[in-house]
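Asks: Protein chains in written order, with the working numbering: chain A, 1 to 697; chain B, 1001 to 1170; chain C, 2001 to 2106.
Quick caveat, the hints were computed from the structure, so don't treat them as lab data. Backbone N, C-alpha and C define an ideal beta-carbon position, used for all residues, glycine too. Any given hint could be a false lead.
[To be verified] To spell it out: a stretch of chain C is covered by chain B in this simulated footprint if at least three of its residues, at any positions, have a beta carbon under 8 Å from a beta carbon of chain B; those stretches are:
#: 1; region: 2007 to 2019
#: 2; region: 2030 to 2044
#: 3; region: 2058 to 2072
#: 4; region: 2085 to 2099
[To be verified] One-sided excerpt, in silico: chain B residues whose CB lies under 8 Å from chain C:
#: 5; residue: F1038
#: 6; residue: T1040
#: 7; residue: I1065
#: 8; residue: G1067
#: 9; residue: M1091
#: 10; residue: S1092
#: 11; residue: A1105
#: 12; residue: L1106
#: 13; residue: T1131
#: 14; residue: L1140
#: 15; residue: Y1143
#: 16; residue: E1148
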Amino acid sequence: MNGLVKQFGYLIVLFPLLGAMVNGFFGRRIQARFGEKAVGYLAGGAVLLSFLFSIIAFIAIADNQGQALVNHGYTWIEAGGLRVDAAFLFDPLSTIMLLIITGTGFLIHVYSMAYMTGDPGFHRYFAYLNLFVFSMLVLVLGESALLMFVGWEGVGLCSYLLIGFWFHEKANVYAANKAFIVNRVGDFGFIIGLFLLYWSLSSAAAPLAQGTSILSFSYLAEHVHLIRDSSFFNVSLVTIICLCLFVGATGKSAQIPLYVWLPDAMAGPTPVSALIHAATMVTAGVYMIGRLHFLFAMSGTAMAVIAVIGAATALLAATMGCVQNDIKKVLAYSTVSQLGYMFLAMGVGAYSAGLFHVMTHAFFKACLFLGAGSVILGMHHEQDIRKMGGLRKYMPKTFATFGIATIAIMGIPPFSGFFSKDEILWQAYSSEHGHPALWSVGVLTAGITAFYMSRLMFLTFFGENRRRQAVREAHHPEHETHGHHDAHRIKESPRAITLPLQILAFFSIIAGFINVPAALGGANRFAEYLGPIFGHHAGQVEHNSMEYILMMASIGAVLLGSGLAYVFYIKKPDLPRILAEKLKHPYTLVYNKYYVDEIYAFLFISGTIVLSKVLAFFDKYAVDLIVNLSGLALRTQSRITGWFDATFVDGTVNFVADSTLVVGDNVRKIQTGRVQVYILVLVLIMALGIAVKTILA
Amino acid sequence: MTIGIKELVFICVALLTTVPCLIVVFSRNILYSAFALFFTFLGTSGLYFFLDAEFLGITQVVVYIGGVSVLLLFAILLTKNINEIGKTNMMSAGRMALVSVGALALLGSFGYALSGTVWFHKDDGTYPATTINGLGDLLLGKYLLPFEVVSLLLLAVLVGSLVIARRSVK
Amino acid sequence: MFNMELTGITSYLIVSFILFLAGLLTVVSKRNIIGIFMGIELILNSAALNFAAFSRLTAHNLEGQMVSLFVIVLAAAEAAIALALLLAVYKRYHDISADNLTTLRL
């Protein structure tokens, strides 16, 4: 098995790439000949194959006691001292991510076949989706930091392509641009970090390092301690590197300050939101920190920054999620908030806890997004929850799965969310990098999460359907049960949609059980599996009663939040409106997302626009001036040369011709036609001759 | 230089030749010129007689004076402009000036050459008393071909002048 | 010079040269065609006189006179033709001024 993985591991990455290329180049023809189903099967089949192979890899690694297996490809770059190999690293961390990516990816492909039917860009969608899976796999399997960065950029690109999928709407295009540009800002920091890492490591390990692939993770893990003491203007170099890399992570994983693109990214199709912005791409930052945990562990400052930002983002996003009215936007802010939890975990050193939350979050968030997609389909593309309601009657399967996922995200035992979130909160409190303040922020966020998720549930699925009410009141008393109400009939989505929902809901329930903490009698199997990478809970704190108290506290916060939502939206539905009017200013502030977008526009974008105007002015008047002047000089010089040529050169030629004419004209006058003149001339010359001869003789 | 009767007569004849000749040149009236020419021919004929060339002298009178001069007068008659007869033989002053220069040069050269030349005298030449026999002998003897050619020429001239000067056929 | 014979060759040469120069002057400067023709006759005359003088005084034979004869004959023939041409020209142009008959020029 090990040999298989080492030899054929690249196939996992190759299948989605092939699917993308076939659908990309021939998709239109395939769709025309064989129908939409063929395109969907092609794409989904590629991911399914990758999933099956991932299972094989996972088993191989598990059998191998977690030793890493590397599938060497070829030497990609060899320039000067820099050497990068194209190779794929299979170890517990990457195989877990593989399973998550390919598993949820496959389910979302199946879902997309039903969700996107009839769309004119059907084959294009699947080509992009496959390309995204390929990029994400390269990201997690890359054996070198540079190869990981290739995947990093690739997922950014695919995110742009898929957010702006319906590019005929300007708003979608702007959202895609925003995503890409903000991502790019993060990538800039990431690259700086890579540069610094390479530079410092190659100079620290100098003579031995020539010709070896410095940026490969194995090399980094072994030799990164060499730069522990280097400093850059009196700041520890390791801290700078870690902060730069974290900037990249904030861009990709939507943390403060670069989270602004994620809510706008909801302009893309819902399965895209589910796959990219819930389960996979946004977790790339977390993965990256996990991969380079040895580097981050060397800088306490960086870890503290990560934890604080993670916690702050979690809280901020949760507050913003409370007042959103678009079902997908609520889920988007929820994603940002949950990502904050993951970074909080990584920041306090609880790497396996963070990755465990990645896994459970993938399940329930994907389920929530796909459920939202089902709701949108059922409501005929209505996304405002104020117009929904009572959907549990019309879409029972969706209601059930959505409900399960909501309970999971709120963190109510024994659903998966509880185990992962609780582990994070415990580590935030008790780990050596942790702090009770971080824990309290986490608990508060959990409560707010419960509030807004319950709000979402209640407004969407409970009560009366407000749109039908509005329709009924508008058409009352004329036709109530008329035929054209068929257009407003709400029914359950087809099986291709509900089946993935059910599978994901199932996993949301049971996934928690693989990492039951010792405090509750479990074996922490997930953390053990990742042990070869992160260490077997080094410095594991003993279980004390604190853990149980904290568990109770978090459950209490969740129930409080949920109950509050119940009061607001079921018992007294007028209460939210009254409160909003009473607290108008805070409400407006939160509703407008703290005006962060506007602040950014003012600070950065207007500055950029001014700069571009200045440069355009400079270009127009300075550069163009120089160009025009040189053009003018050239024209003048050519005119002078032309004048010279016309006057002197042509003059000489013309002079020769003219003088010939003049001489000819004058000589012609000798021929007067009068014989007498001829005789005269004759006589004169004769006389002259004779005279001369006589004189001389 | 002995000036006897012979020399005197010679001078008169020479003057008879050259003075009308100058009148021919400088006269503005064409009739005056024509008549002066007439006298020049006469003088020349006299000079021929002085040279013991009687036949030549008579021929000169007959042909030149009786033929050419009359012809000339006829031509003047046919083409003259009676009203302004005094201005029929104008000359161009410019050309006259120029050619006078040339003529003077020639004269000078001629004089210079003449003064230094010793003429060849053929001593054994027989010069007959009457020339006509000798001319006849030469004409039909040594100069027969030129004689015949000249007669042909005269025939051509005869016909040709008729053709050239005839009235155009309507 | 003054001890030459007056009736010697020199005098005849002088006379014929004067005739020749006069003829030349006439030919060159006269405007009337008949005037020009008179000049030609003078020139021919001077040549004939020259030949005759040389034949009598230097060569002592008749050959020079032969030439003079031919000259006279030819002069007459030429006169006939020339005046016929003149008449033809006069009929065409009604003008016998040599300055106006310039169609020979380029």
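Asks: Of all the hints given earlier, name the ones this structure violates by number, lowest first.
Replies: When the structure is compared with the hints, numbers 5, 7, 11, 14, 16 turn out to be violated.
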